[in-house]
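K.L.:
If you want the building blocks of each chain, they are given just below.
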Amino acid sequence: MEKVGAVLVVGAGIGGSQTALDLGDAGFKVYLLESTTSIGGVMAQLDKTFPTNDCAMCIVSPKLVETGRHHNIDLSINCKILDVTGEAGNFTVRVLKKTLYVNMDNCTGCGVCGRACPVEAIDVFNEKLSKFAATAVKYPQAVPLVYAINKDYCIGCGICKGVCKANAVEYDLEDEIIELKVGGIVLSPGYDEYIPPEGNLYGYGKYKNVVTSIEFERILSASGPYTGKVLRPSDGDIPEKVAFLQCIGSRDFTGNGQPYCSSVCCMYTAKEAVIAHEHMHQIRPTIFSMDIRAYGKDFDKYIIRAQDEYGVRYIRSRISSVNEDPETKDLILKYETEDGKIIQENFEMVVLSVGLNPPDDAKYLADKFGIELNEYNFAKTDIFNPVQTTIPGIFVCGAFSSPKDIPETVTQASAAAGCVNTLLYEKRDTLITEKTLPPEIFVAGQPPRIGVFVCHCGVNIGGYVDVPQVVKYAKSLPNVVLADQNLYTCSADTQTIIKDKIKEYSLNRVIVASCTPRTHEPLFQETIREAGLNRYLFQMANIRDQCSWVHMNQYKEATEKSMDLVRMAVNKARNIQPLERIKLGVTPKTLVIGGGITGMVAALNFANQNFETFLVEKEKELGGFARNIYTTLEGGNVQAFLLDLIEQVKAHANIHVFTDAKIEIINGYIGNFKSVVIHGPENTRAEFEHGVVVVATGAKEYEPNEFLYNTNDNVITQSEFEKVINTTDDIKNKKSIVMIQCVGSRNEEHPYCSKMCCAEAIKNAILAKKQSPTTEIVILFRDVRTYGFKEKYYRMAREAGIVFIRYDEDNPPEIVPEGSKLRVNVVTPIKDNILINSDLVVLSVGIVAQKEDNEELGKLLKVPLNNDNFFLEAHVKLRPVDFATEGVFVAGLAHCPKTIEDSISQANAAVSRACTILSKDEIEAEGKIASIDPARCSGCGMCIDNCAYNAIELIEDRRFGSVAIINSALCKGCGACSGNCRCAAIDVAGFSSKQIYAMITGRL
Amino acid sequence: MTFEPKILGFLCNWCSYAGADLAGVSRIQYPPNMRVIRVMCSGRINPVFIFKTLLTGIDGVFVLGCHPGDCHYLEGNYEAEKKFIMVQKFLKIVDFDKRVRLDWVSASEGARFAKVVSEFIDSIREQGPSPLSGENIDQELFNNLKAMENSVSSDRIRALVGRQRKITEVENEYGEKVPIDEFNAIFDEAIHDEFVRQRILLSLSTKVLSVKDLAAELKLDPSEILENMLTLKSRGEIDYQSIDGNTPLYMRI
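Top line first, the protein sequences correspond to chains B and X. Here the first sequence is numbered in this note's numbering, starting from 92 and rising by one per residue. Here the second sequence is numbered in this note's numbering, starting from 808 and rising by one per residue.
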């Protein structure tokens, strides 16, 4: 069957949106379906994100806006999948688009309907904490910004139809069925949180001051129901003592919750505790937890900060029930301390850290798409490719396959897009319709002829601002040849009016005075471009969001402010010029640095898409770290997978492998790099061009010098032990084995978790026990971090009789040799001394970065390292495999410790991100960028330090000597260089000093 | 009638401007005294913008950016903060620093936006109209601010601000970190000197004056004036014009 160059993405949370953006940017038509009425998913509900405490809305909303207006993404909300037929490359999907009772084309999102609605219903987005109208958007920054009528609550009074001046309310709108033809499918429906059932022992639903963590997230949010104040639902007081109970509905073998670990709760709980204290200093949080599973990049540091800086108290205990003091509505918790004491303590509020369940419609989706679910009803995935479902051509990302956090979801989102790229690469650009635009009218040097369109926005502006007076005033301003008012300037018919007026009045600058440029500027820019004007000959005056809506009782002042804002816009418009978006060629070839699993997966997926690939490995052999690993915890045969991968890579015509190789030079920038590699025994020199770089240089095992490792042959590392049990049967001679966890991890020198060691230890312990059931195995641990579905193996190990004993960081075990034996002395946290006579001590050593190599490569590529010498990505939440330097990506252990599956996901993600560049013949730079006047530049180089994107360098100019120059391909237009320039040599197009001065002085 | 201040706000596109929009969407009411100029990043705000604004007679300037760590452009707001602190150091000299304010507002803080704007308006209302507004402006203050406007674009000040983070937080060319106290001492001295020099230049641009004349006009010790005059002379900005008795007179070149 002929393949189709379109993709279906189901679920438009942060995962689905990222997949859609990657694929849209790579030239595929994307149908993005969302079951609710807005995109953004759970992330849009969060207040802050760990471990950086970034404001969730600040970082997610630009991404959502981009998704909503991407020309290759067709977004449908309120959808349901009906049925799916076909196979990889060619599927047919029927979709039910449920009616909103609001015409999406007409709705301007102004919200008058919601405010007029007499039915106070329940606001689901705010977790039912506040009331809302039956006509509503999910949240103020919703994308798409259209209102929907919730038929469950609507009483059909007709008020909203009456007040909607845009004629958007249509009660007779019916459901619609659409049929989509797509080549690939990505499922990203997310998860549903565990809700304690009726009659639960935590009092949830019964006691008002017991809330779930997601409800608490809305309580914390500045845009939530309490506008960021932390209040007790029972009486609106600020609670002082707040208890967080972890593992609610997770790690639960009683049948009430789920047996697996939900992976994210330890971190989000720490974050909620920290933010609560930050919002209200009187709050003293206490977290009740079993293990603290802070296994991700920089997570452990966050937990330490929570305790040291924010006074968060951790108590290692699982609370089984909560009681309420009926008088005060305080909550009474009873818990057992580690040394067995029973303590009763009162708290003013209790937050239940609820786990992540598979989405409620998981079975329905699995049934429709024909994919299998795993034992927990999450999507079942390939053992080495966590985004591949059981059906070829159908991929999954995010929490639908297992509980995971935002960066892992975003990584998988790109990874799924990477797999779709490999599947459908021949069909890129086949379903994309390029708009033909008229040639641009030449306006340079002509006197400005400005047209001002002032928007009534129904009553939204017109009700609080004297629009006719603003229009009259605009007319009086110099260079304004037309000023007019429109009921809704953003409506389709007004776009035609604007285009006609541009012709009729020969306008060469256009101003719209209405809402915010953040959402509407692109629309109007498109309109004037269609009329032949350069899209940068446009200005907006925000007289709604920042004027009429916020000065509703001050008609005169709001009108004056609107006039001022219009005049400022006119003053700027007089000084604006057409801008060009510079186009750069792209070399469709790639450089992958590192020949481990990560590098090879990336190389192979590039090569399979016909991108010539240069794979550089510093060792003589391919394979990297994985050569020491035999199986995964889940039973995957790593060696077989690795050998197959090496063979494929070596045999592939599009891959040039350089082993025993060192990178000498990397020059250039996104799309246009030129590198030199010295390789092989003869130091052969190879020089080649490429468009992107993937850094997959891996990491190494910590080399211990503690625990007698270097002096006693019976002390070995976990990977050495893995070799022993996989290649010999020496284990049968051992009566007792002790494993020590966190060797070279989570200490002062390496203050991070190496993530894989707990799983490695349990994997090897289970195998050893299987080979020699009489061997005693003891694992000395600090926290058992078998996150996600790995929890099963932890339990399995305990059931197999493997003993787990906890120790504290300050009290590490001691090893004393006694003849051929080793005496291990361990002090437990409650100061019990335990002596174990052991034949073999196995050290679970951590992962450490290759400091010198990374520093050297970092300098070559101008990319940063974090404090632990791992590479530092552009943004820890939303750009996990990108560097701030465009065209350069990171994957695998070079980024931070992680499992093989995670490394493979990152490799695929890097491929997808790179494809957004490689798939294009040329890339367009942003128009509003900085430029340097060489005649004024003194070459001091300060701007180079100020630039976060490495877009500036010093060059030797023939006439001016040493001067700074901006690479327009890399510049993002922030202007930090310009604001600091000593010589006033740097200006920013679109926000030039002259334009801003004109606004400042024109303000009076 | 009570005094209604005029305030100009510079808002970064991604956080504070979005927060201002959210205040609108949430219909949170606040006084209409502020006009807004949108910039992509608070780091874009050239200190000159702030002085130019104050010289127009505006009563207050509000700079709003992303919270530290939240910058859309990675670290532009840190740059903004350094520049702003410098602006305030200058304004402190003439006790004008309370008319400018820097704050952070995130995209989800609509209510906070309204609150900080209202508070700033109140604070300016209490301070009264700018002495540079209206018919009879305070010429001395005008000259001082004009001198500051020229100072902030001087090489010396720009270099100190632009390199501050690198040399105090990362490392300088010797691989050392300059202690912040040490840096501030150098910085404060530079600010004082540059201000005096620009002030001298301003006075000399309209008339020919002696060291003593300038000392009287600027209310400073003549020896300090002389030191700075010599620097200006070596920079080629001023020169002797004539000698009146025993007193040399200077002019601007």
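Fair warning: there could be bad hints in the mix.
DSSO-like cross-link-like pairs, simulated, lysine-lysine; straight-line CA separation at most 30 Å [claimed, not checked]:
#1 X:Lys1019 to X:Lys1040
#2 X:Lys1040 to B:Lys647
#3 X:Lys896 to B:Lys647
#4 X:Lys896 to B:Lys1085
#5 B:Lys647 to X:Lys953
#6 B:Lys791 to B:Lys825
#7 B:Lys709 to B:Lys674
#8 B:Lys1085 to X:Lys813
#9 B:Lys942 to X:Lys973
#10 B:Lys563 to X:Lys1040
#11 X:Lys984 to B:Lys942
#12 X:Lys922 to B:Lys392
#13 X:Lys973 to B:Lys320
#14 B:Lys566 to X:Lys1019
#15 B:Lys320 to X:Lys922
#16 B:Lys563 to B:Lys590
#17 X:Lys896 to B:Lys332
#18 B:Lys392 to B:Lys942
#19 X:Lys973 to B:Lys1019
#20 X:Lys953 to B:Lys1085
#21 X:Lys859 to B:Lys1019
#22 X:Lys973 to B:Lys392
#23 X:Lys1019 to B:Lys1085
#24 X:Lys813 to B:Lys154
Computed, partial: chain B to chain X, Cβ under 7 Å [stated by the list, open to error]:
#25 Leu322
#26 Arg323
#27 Ser1083
#28 Ile1087
#29 Met1090
#30 Gly1093
These are calculated hints, taken from the structure and not from any lab test. The beta-carbon is built from N, C-alpha and C at its ideal position, and this holds for glycine as well.
K.L.:
List, from low to high, the hint numbers that the structure doesn't satisfy.
P.N.:
Checked against the structure, the hints that fail are numbers 2, 3, 5, 7, 10, 12, 13, 14, 17, 23, 24, 25, 26, 27, 30, while the rest are satisfied.
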